[in-house]
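Chemist: The numbering of the sequence shown is my numbering, which starts it at 1 and goes up by one.
Don't read these hints as lab results, they were simulated from the structure.
Because the structure is a prediction, the values reported are computed rather than measured.
Note that CB positions come from ideal geometry on N, CA and C, so glycine has one too.
Some clues are possibly wrong.
As the list claims (entries may be wrong) - So the derived label-pair ranges between C-beta atoms look like this:
#1 Arg-63 <-> Asp-110: 23 to 31 Å
#2 Arg-119 <-> Arg-56: 55 to 63 Å
#3 Glu-90 <-> Arg-69: 12 to 20 Å
#4 Ala-108 <-> Ser-141: 24 to 32 Å
#5 Gln-76 <-> Val-27: 20 to 28 Å
#6 His-124 <-> Ala-97: 37 to 45 Å
#7 Ile-80 <-> Val-27: 49 to 57 Å
#8 Leu-98 <-> Gln-72: 21 to 29 Å
#9 Thr-17 <-> Ala-108: 20 to 28 Å
#10 Glu-19 <-> Asp-77: 20 to 28 Å
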Amino acid sequence: MDGRRRSDGFRGPYELTEETPVYVISVAAQRSGLHPQTLRQYDRLGLVSPDRTAGRGRRYSARDIELLRTVQQLSQDEGINLAGIKRIIELENQVAALQSRVAELQDALDGAAATMRQREAAVHASYRRDLVPYQEVQQTSALVVWRPKRQQSTD
1 MDGRRRSDGF RGPYELTEET PVYVISVAAQ RSGLHPQTLR QYDRLGLVSP
51 DRTAGRGRRY SARDIELLRT VQQLSQDEGI NLAGIKRIIE LENQVAALQS
101 RVAELQDALD GAAATMRQRE AAVHASYRRD LVPYQEVQQT SALVVWRPKR
151 QQSTD
């Protein structure tokens, strides 16, 4: 494989994505503009949790570095405390999960609707052609009053 993405969508075992944890803490700190001790603190607080190697070393992905920048921006520029930032991150993750679930349910609904249309078409195709469809009687606003016949007395 020459390092380029194949057109069939298959990702090779060495192909990097923004989720691939490849950056050690010093590189992640440099790329995010933060001190390595700040990254460790954010990890302890659960704000940004990098993957770990077998030796327990931290490995950051491009997405982690972007999240570090977001945390810093919220903290410094917006004045939000770290507990508030953690809650914001949790809510954003929850929204993303719910949006994903809605998309899954929409796909399932679309599939079920397509199946129903196919079944309906199959039922309509199976109708006997020698039968005449029933025509409904037109509704009118006429009022019909029924009165029982009076029995006449026989005197």
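Chemist: I'd like to know which numbered hints this structure contradicts. Please list them from smallest to largest.
Modeler: Failing hints, ascending: 4 and 7.
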